[in-house]
Each structure stands twice: as C-alpha cells, then as structure tokens.
Amino acid sequence: ILNVEQSPQSLHVQEGDSTNFTCSFPSSNFYALHWYRWETAKSPEALFVMTLNGDEKKKGRISATLNTKEGYSYLYIKGSQPEDSATYLCASNQAGTALIFGKGTTLSVSS
Amino acid sequence: GAVVSQHPSWVICKSGTSVKIECRSLDFQATTMFWYRQFPKQSLMLMATSNEGSKATYEQGVEKDKFLINHASLTLSTLTVTSAHPEDSSFYICSARDFGTSSSSYEQYFGPGTRLTVT
Chain A
3 ILNVEQSPQS LHVQEGDSTN FTCSFPSSNF YALHWYRWET AKSPEALFVM TLNGDEKKKG
63 RISATLNTKE GYSYLYIKGS QPEDSATYLC ASNQAGTALI FGKGTTLSVS S
Chain B
224 GAVVSQHPSW VICKSGTSVK IECRSLDFQA TTMFWYRQFP KQSLMLMATS NEGSKATYEQ
284 GVEKDKFLIN HASLTLSTLT VTSAHPEDSS FYICSARDFG TSSSSYEQYF GPGTRLTVT
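Taken in order, these protein sequences are the chains called A and B.
Under my numbering, residues 3 to 113 are what the first sequence spells out, in order.
Under my numbering, residues 224 to 342 are what the second sequence spells out, in order.
Watch out, some of these pointers could steer you wrong.
The list that follows gives simulated cross-link-like pairs (lysine-lysine, DSSO-like), each with its CA atoms no further than 27 angstroms apart [stated by the list, open to error]:
#1 A:Lys-80 x A:Lys-44
#2 A:Lys-105 x B:Lys-264
#3 A:Lys-61 x A:Lys-71
#4 A:Lys-44 x A:Lys-71
#5 A:Lys-105 x A:Lys-80
#6 B:Lys-237 x B:Lys-287
#7 B:Lys-243 x B:Lys-289
#8 B:Lys-289 x B:Lys-237
#9 B:Lys-264 x B:Lys-278
#10 B:Lys-287 x A:Lys-59
#11 A:Lys-44 x B:Lys-264
#12 A:Lys-44 x B:Lys-243
#13 B:Lys-287 x A:Lys-105
#14 A:Lys-105 x A:Lys-44
If you're looking for bench data, these hints aren't it; they were derived computationally from the structure.
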C-alpha cells in the first residue's frame with residue numbers, strides 16, 4: 003500500500019520567516035508528485051506537479067524539490083506572509099494508480 | 224486554472240435518508256472524476272474513480288450500493304449516499320482530470336467539498 007507522509011503536522015511562524023515542509027513517499031514505481039495548497043472553505047489549489055528526479059519548481063515565494071530515488075520532496079516558502087496560512091497537501095502516485103495523499107501540513111503565519 | 228464546483232457545500236440529513244452531491248467541471252471536460260472522503264485529522268481517502276459513460280471503480284472497502292456514483296456527462300458526476308447513517312458523516316470532495324492538453328494530464332482539479340452531517 004502506497005503511504006505518503008508529511009511533516010510537520012502543523013507549524014506556526016512569524017511573518018517574514020522562511021519555512022519548509024517534507025513529504026516522503028515510496029520511491030518504487032514512482033510516477034508523479036503533487037503539492038496542493040488548501041485554504042479553509044476553498045478548493046485545494048494545485049501548486050506543483052513534479053515527475054523527474056531532481057525537479058525543482060518555483061511559483062513566486064514558493065518552491066519545491068523532488069528526490070525520487072530516496073522518496074522525498076521539500077516545499078519551501080520564503081518570507082512567509084499571513085496569506086500563506088493554509089494546509090499544504092502532498093500526493094503521489096505510481097503509474098496507472100490514483101493519487102495517494104498525505105495528511106497535510108497546516109501552516110499558520112502571524113503578523 | 225480549471226474550475227470545479229461542488230454542491231451543496233454542506234448538508235444535514237436524518238438517518239435513513241439519501242443525499243446527492245454534485246460535482247461539475249465548469250470550464251473543461253472531465254472524462255475522469257474522483258471522489259474522496261476525509262475524516263477529521265485524516266488524509267483524503269479515495270472512494271471511487273468515475274469515468275464518463277461507464278461504471279465507477281470503487282476502492283476496497285467502499286460499498287458501491289451505498290455510495291452511488293453517476294457520471295453521465297463530461298462535466299457532471301454525482302455521488303449519492305443512500306440510507307445515510309451517522310458514521311457516514313464526513314467531508315466529501317471531488318476532483319476532475321482535464322485531458323484537454325497533454326501537459327495537464329497529470330493534474331487534478333478539486334471542488335471545495337461537501338460537509339455531510341447525518342443526525
């Protein structure tokens with residue numbers, strides 16, 4: 003059974019701090035790794051989809067890296083802002099299978 | 224990006240009644256839609272995969288006669304929780320895959336979810 007783990011479960015940072023979270027997944031038969039940003043009462047918003055070992059993607063102050071050989075991905079937020087407060091979901095799948103989600107990391111940024 | 228709507232956003236029903244939840248892709252055609260359920264402090268758990276014009280594929284442990292899924296068009300899938308019981312109270316969320324372009328074939332777009340409470 004594919005198991006995706008995220009850490010930490012939650013964290014609280016001050017505005018302007020930089021932070022990062024971890025997603026670990028089984029590396030065998032890897033197909034794709036997804037990061038979503040989920041604000042309360044809204045739809046999860048796709049941030050990144052990564053497929054190749056060594057992939058690095060960036061969207062504004064948010065970036066992500068992928069290591070498929072060791073089965074982990076990092077999400078980085080530079081200079082956190084209150085509007086970054088959300089739950090960040092990681093999901094992975096093997097070829098031909100559905101996405102398996104982690105429990106998410108809930109980020110709270112205070113001003 | 225692609226938009227997926229879900230209706231209703233929340234519903235309270237009595238035990239024994241049935242509840243229908245709609246999932247619509249608003250600006251793209253979705254040949255495949257997915258239904259997830261999330262219990263408190265747990266991850267999104269896939270319930271079933273819905274393909275337009277064919278029967279849904281259910282995950283192990285999900286009763287197909289209790290959770291009826293219909294995907295009659297390329298923009299609409301429905302989930303009906305039949306004879307709901309308090310243990311069915313959960314957060315149900317759908318997603319849709321846009322196969323319009325090859326670059327988006329990896330991506331899934333989510334609706335905002337439905338909070339179901341069965342009393």
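Quick rundown of the hints versus the structure:
{"no.": "1", "hint": "A:Lys-80 x A:Lys-44", "result": "holds, 23 angstroms"}
{"no.": "2", "hint": "A:Lys-105 x B:Lys-264", "result": "holds, 7 angstroms"}
{"no.": "3", "hint": "A:Lys-61 x A:Lys-71", "result": "holds, 24 angstroms"}
{"no.": "4", "hint": "A:Lys-44 x A:Lys-71", "result": "violated, 34 angstroms"}
{"no.": "5", "hint": "A:Lys-105 x A:Lys-80", "result": "holds, 23 angstroms"}
{"no.": "6", "hint": "B:Lys-237 x B:Lys-287", "result": "holds, 21 angstroms"}
{"no.": "7", "hint": "B:Lys-243 x B:Lys-289", "result": "holds, 12 angstroms"}
{"no.": "8", "hint": "B:Lys-289 x B:Lys-237", "result": "holds, 16 angstroms"}
{"no.": "9", "hint": "B:Lys-264 x B:Lys-278", "result": "violated, 31 angstroms"}
{"no.": "10", "hint": "B:Lys-287 x A:Lys-59", "result": "violated, 39 angstroms"}
{"no.": "11", "hint": "A:Lys-44 x B:Lys-264", "result": "holds, 17 angstroms"}
{"no.": "12", "hint": "A:Lys-44 x B:Lys-243", "result": "holds, 20 angstroms"}
{"no.": "13", "hint": "B:Lys-287 x A:Lys-105", "result": "holds, 25 angstroms"}
{"no.": "14", "hint": "A:Lys-105 x A:Lys-44", "result": "holds, 17 angstroms"}
Comparing the model with each earlier hint shows violations of hints 4, 9, 10; every other hint is respected.
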